[in-house]
Amino acid sequence: MADLTVYLANTGNGQKIPIALEALDIPYTIHYVNIAKDEQFAPDFSKISPNNKIPAIVDSFPADGKGFLSIFESAAILQYIAYTKAKQLGKSTHLYPADDIRVKAHTDQWLYFQIASLGPMNGQWNHFKGLSEPNPYGVQRYETEVHRIFGVMERRLSEVDYFNGHGYSIADIAIYPNVKFTLGRNPNFQAKYPAVGRWLERVNGQKGALEGIQKAADAAAAAAK
Amino acid sequence: MAEKADVTIYFAQGVNGIKIPILLESLEIPYKIQYVNIDKGEQFAPEYLKISPNNKIPAIVDSSPPDGNGPLSIFESAAILQYLAYNKAKQLGKSTHLYPADDVRVKALTDQWLYFQSASLGPMSGQWFHFLGLPQPNDAAAKRFEVEVHRNYAVMERHLNEVKFFNGHDFSIADIAIYPWVSGFLSRVPGIKKKYPAIAQWLAQVGDQKGVKEGLRKGDEAAAAAAGAKM
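Respectively, the protein sequence lines represent chains A and B. Counting with this note's numbering, you get residues 1 to 225 for the letters of the first sequence. Counting with this note's numbering, you get residues 1001 to 1231 for the letters of the second sequence.
With the rest of the complex left out, here is chain A:
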């Protein structure tokens, strides 16, 4: 039986959660949120996700036994799933070994690098690139910043196989959809950031990575019917 309901849309942020859950064999149900129809602004969803964004989760049986627990912000969800919920269900915590202070800090900093830098700046670049009224300054600003960010990742991944320098973790899971999308859309990125490309292949081969992306796509297709 699935304690967890995942509220998601088929985006880079939404995909992170099924990727982690598939990796850990934690059962879950998907509740699709149709962004195109503004379903993220529905009052019931706002209660769970007051910033009106996906993903969000509801855990109907959290470890403290005090009734359901809702969480928004993908980083908070990933940490909760990969440590607290994993522990409760007797699953491995290798994706977020939070009892090890050093590994935890190293995982956290790259996870928050994704939510504060890679995600927002990539999002702005995609926005400005897609405008019908061109805004060359906007495109240039965010393209430059995304390249700077990829340079940071290239340097890091030239030294370590996974972002926390320890093992595959929720930091990689958070960064993976953005990078997969960007490298897929921009062939010049593959040539310019080879260490990032090799990391992408490693993550593609990790349990749950491709499965998670497929689950989000399947949910989108089912919602479209």
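I should point out that these hints are in silico values taken from the structure, not numbers from a laboratory. Backbone N, C-alpha and C fix where the C-beta goes; we use that ideal spot for every residue, glycine too. Mixed in with the good hints, there may be bad ones.
As the list claims (entries may be wrong) - Distance condition first, Cα-Cα at most 30 Å in a straight line; then the derived DSS-like pairs of lysine-lysine: (1) Lys47/A <-> Lys1195/B; (2) Lys1164/B <-> Lys66/A; (3) Lys1143/B <-> Lys129/A; (4) Lys1040/B <-> Lys87/A; (5) Lys1050/B <-> Lys180/A; (6) Lys1040/B <-> Lys47/A; (7) Lys1090/B <-> Lys66/A; (8) Lys1164/B <-> Lys47/A; (9) Lys1143/B <-> Lys91/A; (10) Lys66/A <-> Lys87/A; (11) Lys1094/B <-> Lys66/A; (12) Lys87/A <-> Lys1094/B; (13) Lys47/A <-> Lys1194/B; (14) Lys1050/B <-> Lys192/A; (15) Lys1040/B <-> Lys192/A.
As the list claims (entries may be wrong) - Quick partial rundown of chain A residues pointing at chain B, CB under 7 Å, derived from the structure: (16) Gln109; (17) Phe113; (18) Gly138.
Fit chain B to the known structure of chain A by using the hints.
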């Protein structure tokens, strides 16, 4: 009494850097400030990039972390706040009330608003300030971010109409992370406090919390000392 300072903060004056002195003053954890002159590009120095590979401030180095495995450096203000308010506080026998991470529910509530600041409020406010400051106006971009910032403020206003502090429990590192951004905005835009009365009230309450005024003062002192040293 001079307690040994394990923690060095790499700091520049501004909304993100100031979060850390505020926290440390609140918990009475000793620290040193190493000023990073952003104007001079000191955030790109190779030695600094080892600590902060995304070349941003703040970052910290803890010379004596609890695992005893040598210095530990941390970048990203959310990671720093969590480490100091829980792991370092525990090690030094200080209170963990600013981040009671053993309580699953309070931890999750604190985390989601802390990351709201990292992922939404900070980046979108930062983009807006950038476009407002351009010599050549870019009205479409400035408008985009103005709308988004006000959307963020409406989210906070709704929430603070229901709770006193962001995690719905007590003053925490979520409030500390949000405070400098909100303080700057509310103090610079005329009349804006009337639009967000719950936020204005929260701002006043946070301003009175232990450590906030002291942290702000320490930040000013460090900036002044760095400016003086330039001459």
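A quick look at each hint next to the structure:
1. Between lysine 47/A and lysine 1195/B the alpha-carbon distance is near 22 Å, which keeps this suggested pair within the 30 Å criterion.
2. For the proposed pair lysine 1164/B and lysine 66/A, the alpha carbon gap of about 22 Å is at most 30 Å, so the pair holds.
3. Taking the CA atoms of lysine 1143/B and lysine 129/A, the gap is near 17 Å; set against the 30 Å cutoff, the hint holds.
4. For the proposed pair lysine 1040/B and lysine 87/A, the alpha carbon gap of about 47 Å is over 30 Å, so the pair is violated.
5. Of the supplied pair hints, the one linking lysine 1050/B and lysine 180/A holds, its CA atoms being roughly 26 Å apart against a limit of 30 Å.
6. With a C-alpha separation of about 45 Å, the suggested pairing of lysine 1040/B with lysine 47/A is violated against the 30 Å cut-off.
7. At most 30 Å may separate the alpha-carbon atoms for a hinted pair to count; lysine 1090/B and lysine 66/A meet this at roughly 26 Å.
8. Between lysine 1164/B and lysine 47/A the alpha-carbon distance is near 17 Å, which keeps this suggested pair within the 30 Å criterion.
9. Proximity of lysine 1143/B to lysine 91/A is assessed by CA-CA distance (about 47 Å); at most 30 Å being required, the pair is judged violated.
10. Distance check on the hinted pair: lysine 66/A and lysine 87/A sit about 17 Å apart at the alpha-carbon level, within 30 Å; holds.
11. Taking the CA atoms of lysine 1094/B and lysine 66/A, the gap is about 28 Å. The hint holds against a cut of 30 Å.
12. Under the criterion of a C-alpha separation no larger than 30 Å, the hint pairing lysine 87/A with lysine 1094/B is consistent with the structure, at around 27 Å.
13. Pair hint lysine 47/A plus lysine 1194/B holds up; C-alpha atoms about 25 Å apart against a cutoff of 30 Å.
14. Straight-line distance between C-alpha atoms of lysine 1050/B and lysine 192/A comes to about 22 Å, which keeps the hinted pair within the 30 Å bound.
15. Taking the CA atoms of lysine 1040/B and lysine 192/A, the gap is about 28 Å. The hint holds against a cut of 30 Å.
16. The criterion of a C-beta within 7 Å of any C-beta in chain B is met by glutamine 109/A, whose closest approach is roughly 5 Å, and the hint holds.
17. Annotation: interface hint on phenylalanine 113/A holds; nearest CB of chain B at approximately 6 Å, less than 7 Å.
18. A hinted interface residue such as glycine 138/A counts as satisfied when its beta carbon comes closer than 7 Å to some beta carbon of chain B; here the least separation is about 5 Å, so the hint holds.
Consistency note: the structure conflicts with the earlier hints numbered 4, 6, 9.
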